Amino acid sequence: MSDMIRRYGFTLTSTFCLLTAFWLLVLVILPNLYLFENSFRPYLPVVDIGGPKDVYTLKNYLTFFDSPIHISVFIWTVVYSSIVTFICFVIAYPLAYYLSKVAHPRSLPTLFLILTIPLWVSEIMRSFAWFIILSLKGPLNILLIDASVIEKPIRWMTGFRSVLIGLVYTYVLFMLFPIFNAIQSLDTNQIEAAEDLGSPWWRTHWRVILPHSKPGIASGSVMVFMLSAGSILVPTLLASTSSRWFTEIIQQWMFESNDWNTGSAYAFLLLILCTLFVTAVMRTFRVKLSDIAR
Amino acid sequence: MNRKSDWLFRAYLVIFLGYMLLPLLVMGGAAFNDSRFPSVFPWVGFTGQWFVELWNDPRLLNSFKNTILVALAVVALSVPIGTAAAILINSLGGWARSTLYSLMVAPILTPGAVIGISTLLFWNRFSVPSGLHLSVLGQVSYISAFVMLLVLARLQSFDRSLEEAALDLGANHPTVLRRILLPHLYPALGAGAAIAFFQSIENFNVTLFTRGPYDTMTVYVFSKVRSGITPTINALAVILIAVTLTGAIAYEIARRRKQARLDALGPPPSDDE
Chain A
1 MSDMIRRYGF TLTSTFCLLT AFWLLVLVIL PNLYLFENSF RPYLPVVDIG GPKDVYTLKN
61 YLTFFDSPIH ISVFIWTVVY SSIVTFICFV IAYPLAYYLS KVAHPRSLPT LFLILTIPLW
121 VSEIMRSFAW FIILSLKGPL NILLIDASVI EKPIRWMTGF RSVLIGLVYT YVLFMLFPIF
181 NAIQSLDTNQ IEAAEDLGSP WWRTHWRVIL PHSKPGIASG SVMVFMLSAG SILVPTLLAS
241 TSSRWFTEII QQWMFESNDW NTGSAYAFLL LILCTLFVTA VMRTFRVKLS DIAR
Chain B
1 MNRKSDWLFR AYLVIFLGYM LLPLLVMGGA AFNDSRFPSV FPWVGFTGQW FVELWNDPRL
61 LNSFKNTILV ALAVVALSVP IGTAAAILIN SLGGWARSTL YSLMVAPILT PGAVIGISTL
121 LFWNRFSVPS GLHLSVLGQV SYISAFVMLL VLARLQSFDR SLEEAALDLG ANHPTVLRRI
181 LLPHLYPALG AGAAIAFFQS IENFNVTLFT RGPYDTMTVY VFSKVRSGIT PTINALAVIL
241 IAVTLTGAIA YEIARRRKQA RLDALGPPPS DDE
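These protein sequences, in sequence, are chains A and B.
The first sequence begins at 1 in full-length UniProt numbering and counts up one residue at a time.
The second sequence begins at 1 in full-length UniProt numbering and counts up one residue at a time.
Hints are computed from structural coordinates only; laboratory data are not their basis.
A portion of the hints provided could be inaccurate.
[Unchecked claim] Derived contacts from chain A toward chain B, CB cut-off under 10 Å, selection only: (1) His70; (2) Trp130; (3) Met226.
Every value quoted in this text rests on a predicted model; they were computed, and no experiment measured them.
The beta-carbon is built from N, C-alpha and C at its ideal position, and this holds for glycine as well.
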């Protein structure tokens, strides 16, 4: 700190500190603390706020634990977000390996330009694209019928199937890029050494490349899980009535019931879920937060 | 790496690229198909009417204007905040650094819905009504982290003795910042501003909870999708894709020209990160 004052002077240093404090305190910490506090307050009409009925209560959380439907939606959200994360890893890992170690380095900028095109298109447009493709009279069904693979159109948007398809498509790149970065930092000599010593390809991956790409996998998993569990667009567009997502219930509390207190309790549950996931990933992969977010 | 597996990898890459791009083509194609439901099969006929309908929608232009205003405000706030935070954290060490770092990257790992709701509730407590200003604050809370990470990475290659030399030669503090540090950071600041701008345009989750009665582009599209689907949404998608793609390609061409100039000047640096 004293070094900073010496370099930038008192005024500039305090400006830096003030900006950072504004960000962390006013935009991040205090709103989240207030969310936490608010989730323990009852939902009251405006006149009763601050009155004798305005006491701390666990009622909002009990609403969740008393509702088997909400609990099951929560659990399915966790399960399917984990499945999405796993599928993304399975799809992205071979590609990340190919791009970082096999493909010609000269072709990489072009490939990456093409790969980032979907990221330039907003999430809502990408899920909308799948809405068109998967609809009953959509291109996929007509194509399959024309090719005589199926006879009657398939209703794709039942259950969680279409949500899975949409989420994997939307977030797979968030898995690809971190793993690519991680594998790229591996010395190719190590792969060659393993091969020279007679290791079959799968063991080279299992013992050399996969361990080295752990920070990338951790980072990708955290991002994909968080984005999937917190996604609002994909489930709203692609889910059916039988497959509800936890964020949809949060939305109901906020907009339909106008019960912001229960809404904040549910939002807080989502936050806890993501925090637990980050912690679990950091433990399993033995990485630090600074390895995950880079 | 033997030939057979190389061939397999190539096929896989092509399939993956198709998987990434074909849905976008389907969506783009549907914008020109003369059918009330957006689709490419069956192809009814070529039409431009969806673009005309889109242009005649006053809500669209309004939401477009709002989106740009929010994005500019987010850039204006998050770039200075992220830069200040990166400079601050770079001069710290030990537990202070790791604690601050965790706090700063935490918003990236927080679901947008949580950010949106906490921002809405917090400001509502001080009787600030919801609206686009809250969307800006909510978005800044996590977009600043992207800027911070970019600037922090750039700071690693900064030679601090330059600042000391400037100070020894009698430069005052603002001059050191303006003439020594900021010019070194310009690439990161530019990239940070671009990322902040596009993140803000794409944002939906935070905006949905904080926007109040106002529309942004994503919210507008969302409400259109819910109220009844017509190919006007596809027409909008085509325009957006065209604009961003032109931008991306122009950026890439500029980057390659610059790279070619650098290559022509002398041997490339050993590490280009």
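Tested hints:
1. Given hint, His70 (chain A) at the interface with chain B, is violated; its Cβ is 15 Å from that chain's nearest Cβ, farther than 10 Å.
2. Proximity of Trp130 (chain A) to chain B holds as hinted, the smallest CB-CB distance being about 6 Å (cut-off 10 Å).
3. Interface restraint check for Met226 (chain A): the shortest CB-CB distance to chain B comes to about 6 Å, inside 10 Å, so the restraint holds.
Violation of the numbered hints given earlier is confined to hint 1; every other hint is satisfied by the structure.
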